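Next come the chains, spelled out residue by residue.
There are 2 protein chains.
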Amino acid sequence: MASIKDVAQRACVGVGTVSRMLNDSGYVAEETRKKIEVAMKELNYTPNELARNLYHKRTGIIAVLVPNVSNPFFSEFVDHAEAELYEAGFKMMLCNTVKERNAELEYLDMLNRHIVDGVITGVHSLDAKEYRKMHKPIVALDRFLGEHIPVVAVNHKEGGRLAAETLIHNGCKKILHFRGSTAIESPYLERHSEFERIMEEHQIETYSYELEWNRFDSGYYREAVEDVFSKGIDFDGVFAVDQLAIECMNETIRRHRKVPRDVKFVAYDGTFITEMVEPKMTAVVQPIEGLAKESVRLLSDLINGKEYKNKQVLLGVQLRKGNTTIV
Amino acid sequence: MASIKDVAQRACVGVGTVSRMLNDSGYVAEETRKKIEVAMKELNYTPNELARNLYHKRTGIIAVLVPNVSNPFFSEFVDHAEAELYEAGFKMMLCNTVKERNAELEYLDMLNRHIVDGVITGVHSLDAKEYRKMHKPIVALDRFLGEHIPVVAVNHKEGGRLAAETLIHNGCKKILHFRGSTAIESPYLERHSEFERIMEEHQIETYSYELEWNRFDSGYYREAVEDVFSKGIDFDGVFAVDQLAIECMNETIRRHRKVPRDVKFVAYDGTFITEMVEPKMTAVVQPIEGLAKESVRLLSDLINGKEYKNKQVLLGVQLRKGNTTIV
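The listed protein sequences derive, respectively, from chains A and B. Following my numbering, the numbering of the first sequence begins with 1 at its first residue and continues without gaps. Following my numbering, the numbering of the second sequence begins with 328 at its first residue and continues without gaps.
It should be emphasised that the hints constitute simulated quantities derived from the structure, not laboratory data. For clarity, every value in this text was computed on a predicted model and none was experimentally measured. Be aware that a few hints might be false.
Examples of chain A residues toward chain B, derived with CB under 7 Å [unchecked claim]:
no., residue
1, 70
2, 246
3, 278
Computed footprint of chain B on chain A, listed as stretches where at least three residues anywhere in the stretch have a Cβ under 8 Å from a Cβ of chain B [said to hold, decoys possible]:
no., segment
4, 88 to 96
5, 247 to 259
6, 265 to 276
7, 289 to 299
Ideal Cβ positions, reconstructed from N, Cα and C, are used throughout, including at glycine.
Bound-form chain A, shown alone (with noise of 0.2 Å):
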């Protein structure tokens, strides 16, 4: 493989000049750099990537964390997120970090060792103070990571209330609540406490399950179900994250309640699968889309060199109507 310093001598002129024209960094004259180039051309020479990085001290990859890329609102997520890194320049690495433990460390420590240029961390496995250490372009997906690190997440108290309100406008009486883990500092707690909130202030009874910390595979949202059936607690309503909600539907079906008659759901989130069962489910539908380019814009700014300081972009979330609700 041919060197710049081979491509130098060909050209007769000093490597110097070869590198401050690869690296655009200083004046060289067109007469020269044609014979460069021609140089370039007959040796077949690439210019080495890893060496032109060294030189800007940037490598153009963004890692993207995410706790299951099989989960269909991190799938979603991860696409757009792509497709957006895309578009601004960028590659994306993608770390799954929940089957590796020390993954989330390990991907923030390339960060300082100039491997990636930026990380956009939808991941909740770290303890928030290894964020709060570190001074680099970060970009946090729905959860609270420290005041320089702006955050990303959707109007959670708005998407609770449309639940709640969903609910008690189908007449629900009893309703059934799968609730985040409070094991985090996470703006989505707000879509829980919002609902509840509601519920109380109507006087609704409600029986709130709370989620294990980290788990989105659907072998625990069945087992999360089954727990529910077994204790048999009695509800009319549900309000779930998709893969959860789908599961106790079907569950219900199957011990011959009618869905919307006897038992009305809301989903939360409105990925794909919400609108791939039967009945179609009602859901509070976030933006995934809109998620992902507010997090390359940020992250895309922090790069520049632009600080942020208790940055929060909060989009705004949907009810669709589906056949799991009447009204």
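Following the hints, position chain B against chain A.
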């Protein structure tokens, strides 16, 4: 930021000595090592990963190309591939090529530019001749790309046979078969030809609906199902890929036909969504984790200098009985 030069100066040794130690590329006396370590600590020196990669001509990054990561088959593949790569000491760069037509070429070019050490490609957008030009570590998922690129796939012929026999044993007389596009050379075409061969052998009427090339989104699947119903095609047995089988089943139920009594369904792939719908689908299950494992194993071999010619790894498939067939 301290440089390797600063470290050398502080430790009173030559730059070459520090470099030998960092890269483990030659003898460095124990005492000297200690002096260098102390200097690195005092100067808070982080070895520059890029510089080391440059030296080793390895980045430890593998590109994985899929058409659409929000499709459950690919999201499960990516999930497992990331875990396997992590295990083997690699990071995964993910590319979703459906949206960006030139991305596939661009990622192959990254192999030439030493940004990635290898590519696992599960996409079908680029002409195979682009691959034939390359002699770099590439593994193909379910596609023939030339004799020097190993292929990992399932035994699709067996899969087609299992599906056909199941529908026959269930007494189906009018089959609707959604078949993949014949626009590209892929092992998966065998499942369709085997399925049709067996139906013909049993003189069972079969309507084959050829899907458009490179479309894996739910919107397209819904269109295809509407198209079939609008054409008034009559059927009592369906063979299709997961999402499409589900869309077709839902439409069948909405049109007041009973599943499995009036119409039987066999899905292909058997991802989590086939177990999430009611009735649960009978499916030919691809061992997605195994496909990821084998792809990573072959790629590691290629990176380590092994050569494969006309190598094909075929994994077995299994029929998982659900409630969309009776026997």
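Discussion item. Is the listed coverage of the segment 88 to 96 of chain A by chain B valid when you require three or more residues with a beta carbon under 8 Å from a beta carbon of that chain?
Written reply: holds (count 6)
Worksheet item: Holds or violated: is the Cβ of residue 70 (chain A) closer than 7 Å to a Cβ in chain B?
Response: holds (4 Å)
Worksheet item: Counting residues of the segment 289 to 299 of chain A whose CB is closer than 8 Å to a CB in chain B, do you get three or more?
Response: violated (count 0)
Fill in: Hint check, residue 278 (chain A) versus chain B [nearest Cβ-Cβ separation less than 7 Å]
Holds: closest Cβ of chain B sits about 5 Å from residue 278 (chain A), inside 7 Å.
Worksheet item: Are there three or more residues in the segment 247 to 259 of chain A whose C-beta lies within less than 8 Å of some C-beta in chain B?
Response: holds (count 4)
Worksheet item: Per the coverage rule (Cβ-Cβ under 8 Å, at least three residues), is the segment 265 to 276 of chain A covered by chain B?
Response: As far as the segment 265 to 276 of chain A goes, the hint holds, because 4 residues have Cβ atoms under 8 Å from chain B.
Practice prompt. Double-check residue 246 (chain A) for me: the hint is only fine if its C-beta lies closer than 7 Å to a C-beta in chain B.
Written response: Hint holds; residue 246 (chain A) Cβ to chain B Cβ min 6 Å, cut 7 Å.
Hint check: a violation occurs at hint 7 only; the rest are consistent with the structure.
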